[in-house]
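Q: Chain residues, written in single-letter form:
There are 2 protein chains.
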Amino acid sequence: MTAQGGQPGRRKLELAQDRITLAHGAGGKATHALISAVFLEAFHNSLLEPLDDGAVFKTGVAGDQGLAFTTDSYVVSPLFFPGGCIGDLAVNGTVNDLAACGAQPLALSAGFIIEEGFAFADLARIVEAMAAAASAAGTQIVTGDTKVVQRGKADGCFVNTSGVGLVHPRAALSAASAQPGDKVIVSGPIGDHGATIMLARGELGISADIVSDTAALNGLVAALLDEVGAGAHALRDATRGGVATVLNELADASRVAIIIDEAALPVRPAVNGACELLGIDPLYVACEGRMVAIVSGAEAANALAVMRAHPMGRGSVIIGEVHDDPAGMVLERTAFGGTRVVDMLTGDPLPRIC
Amino acid sequence: MTAQGGQPGRRKLELAQDRITLAHGAGGKATHALISAVFLEAFHNSLLEPLDDGAVFKTGVAGDQGLAFTTDSYVVSPLFFPGGCIGDLAVNGTVNDLAACGAQPLALSAGFIIEEGFAFADLARIVEAMAAAASAAGTQIVTGDTKVVQRGKADGCFVNTSGVGLVHPRAALSAASAQPGDKVIVSGPIGDHGATIMLARGELGISADIVSDTAALNGLVAALLDEVGAGAHALRDATRGGVATVLNELADASRVAIIIDEAALPVRPAVNGACELLGIDPLYVACEGRMVAIVSGAEAANALAVMRAHPMGRGSVIIGEVHDDPAGMVLERTAFGGTRVVDMLTGDPLPRIC
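Protein chains in written order, with the working numbering: chain Z, 1001 to 1354; chain V, 1001 to 1354.
What the hints contain is simulated information worked out from the structure, not anything from laboratory work. In this text the structure is predicted, and so the values were computed from the model without any measurement. Don't take each hint at face value.
One copy or two, it doesn't matter: identical chains are merged, so the pair holds either way.
Quick list of in silico lysine to any residue cross-link-like pairs, SDA-like style, CA-CA up to 25 Å [to be verified]:
hint	residue 1	residue 2
1	K1058	L1040
2	K1058	G1338
3	K1058	R1170
4	K1058	A1132
5	K1058	D1226
6	K1058	L1204
7	K1058	F1120
8	K1058	A1119
9	K1058	A1172
10	K1058	H1044
11	K1058	A1264
12	K1058	G1181
13	K1058	G1231
14	K1058	S1177
15	K1058	G1152
16	K1058	G1138
Using the sequences plus the hints, can you model the full thing?
A: Structural data, given as structure tokens:
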């Protein structure tokens, strides 16, 4: 699950409408309400309920490490965009969900739902991008499935990737483990992917020199866990709903306050510019190659150093810290010296970003 | 993968068109051509290439049994049909792909792609059916994902289910392991699911007293493997493309001939009637709760007895046997004493059956 509610204190929101809206897929408040009201209601079990990026379990065979298991469907539009396509996006997204569980990928699956009339050449490009991305992450696509629906019953090509991974022996990660005194690290500039997709749709009539940050973060996470082990308390890749939504999930699950500094947030000028035109805060814009790490205060300097030394974490910075109070909330100290509440994403300003 | 080519001797078919057609999703010849030309070309690796119902691998941790991993996307239309819905169909299908690898499910994932405007009540029905099916199979849905696309960009609701399973310690199954002298067992009447979907669409203007056979076969497979172990050479659940396509995959992968008896094929009269009206051979009509088992001649009687003693295998019968020659082919001895070639499914007489 890339959309999470967190335990305890999960918000059981009422489902005001009786039909699905785009906001239910945006990763923010409506998604959490849907998950609570429909999915958790039916699927309740101890592995699902933490609503982490993947589930971690033992196989029951003596001596085994934990396995992580995750799934994501991709419906990004357009299918091809600067810096990537739905194929590498799907592979990297699933690798990153495993990484957020502290796991290295053992194997990936690929499921395709293709609209009749879709060009083979485009499918081949997508599939080649998946193979390259899997190889870059040190893993393979080992099983798959293809379905075709009639023209007009899908939108080109949808991709599901699921992944199985082996949890790092020193990992002790959980969305509920953030503690007062912890530092919040983000592994690089935020919002690149979402801003790239917005511009690629051409609706803004502007162009800018940004590309998606889609990338596999399993190597970065391995380096981090090798260095700080259980000093890393929680990891999340900041996809739908952006860094703001991820921090809200963690604050909610851990019953802590997270306070970030606006001045510390790494945002590229071109991303800032696109967000200003659209009236969207970059904190809510999806990244597809950035990890948010909550690390103990004592290990924060080590963690930052090892992340910066990794090719996928050169832009890592500490953006805030964890406090006791107000539990369950995210606050931002603004550049003007004030403090504002950073809520979870509401509505869906950017449908089909991933 | 529920659509398989088999190794060695996989047919590398030319892709005559440059666009995807419905036949590419039907599980027959066009699907195999697509898999060879696009997916295997890009994803080539030793775990994928056998094109079994799932991939089996070791986790690399000392002392572990093999893990099986599989994925399937479901686009069945209509979403609700006599005997089930897309939800239990998806769960049972993935459980059965694991079972065909000789594995019991450890955990399942669920990925939803939902069209804007879809009714919550329908989603809730689907999700409840998934939970019930998982419970019946002794497993759980432990991770998930939800995406929403704009109205007109999907068709109600598509579901992906992936699964991780633990391989039976005595399993020695492979599509390439069928040997001359083996018997071919099918676990019950064939074509019920496909015929039910055809009738549920209402296009034929007839009704009949048939329901989908969607069911989890992991218990049946466990009973079989407990009894005959490595005496079971190959298992496949007969979904898209029906029993004919599965037998062709096995004959091709094992480089053997499979000869079946028309008189032995279990087909319900109502299914036969619907198939006659449509001009479709029941051998090509999908089942969603029937296993095809290739078992050594020496163990065939034991296998049949244990399958018949299981609630999911009461209708098990031996439908044929494996021969040397003509390698790679499936033949049927007809009721009139002749012999005909049973080829793999061509085209797609029944789109979106699963």
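Q: Give a verdict on every hint.
A: A quick look at each hint next to the structure:
For the homomeric pair K1058 and L1040, the shortest alpha-carbon distance inside one copy (21 Å) is at most 25 Å, but the shortest distance between copies (31 Å) is not. Proximity of K1058 and G1338 under a CA criterion of 25 Å is satisfied in neither setting, with 47 Å inside one chain copy and 54 Å between copies. For the homomeric pair K1058 and R1170, the shortest alpha-carbon distances inside one copy (15 Å) and between copies (21 Å) are both at most 25 Å. Taking the closest pair of Cα atoms, K1058 and A1132 come within 25 Å of each other only across two copies (23 Å); inside a single copy the shortest separation is 30 Å, beyond that limit.
In this assembly of identical chains, the alpha carbons of K1058 and D1226 lie at most 25 Å apart whether taken from the same copy (21 Å) or from different copies (23 Å). Taking the shortest Cα distances, K1058 and L1204 never come within 25 Å of each other, neither inside one copy (48 Å) nor across copies (49 Å). In this homomeric assembly, K1058 and F1120 never come within 25 Å of each other (Cα to Cα): the closest approach is 40 Å inside a single copy and 34 Å across copies. In this assembly of identical chains, K1058 and A1119 lie within 25 Å of each other by CA distance neither inside one copy nor across copies; the values are 42 Å within and 36 Å between.
For the homomeric pair K1058 and A1172, the shortest alpha-carbon distances inside one copy (14 Å) and between copies (24 Å) are both at most 25 Å. Proximity of K1058 and H1044 under a CA criterion of 25 Å is satisfied intra-copy only: 18 Å inside one chain copy versus 29 Å between copies. For the identical chains of this complex, K1058 and A1264 are neighbours neither inside a copy (39 Å) nor across copies (44 Å), given an alpha-carbon limit of 25 Å. Within a single copy, K1058 and G1181 get their C-alpha atoms no closer than 31 Å, and across copies no closer than 40 Å, so neither meets the 25 Å cut-off.
Taking the shortest alpha-carbon separations for K1058 and G1231, only the intra-copy value of 22 Å comes in at or below 25 Å, while the best inter-copy value is 30 Å. When the C-alpha separation of K1058 and S1177 is checked against a cutoff of 25 Å, the pair qualifies only within one copy, where the shortest distance is 20 Å, while the shortest distance between copies is 31 Å. For a Cα distance limit of 25 Å, the shortest separation of K1058 from G1152 qualifies neither inside one copy, at 43 Å, nor across copies, at 41 Å. In this assembly of identical chains, K1058 and G1138 lie within 25 Å of each other by CA distance both inside one copy and across copies; the values are 23 Å within and 16 Å between.
In summary, the numbered hints that this structure violates are 2, 6, 7, 8, 11, 12 and 15.
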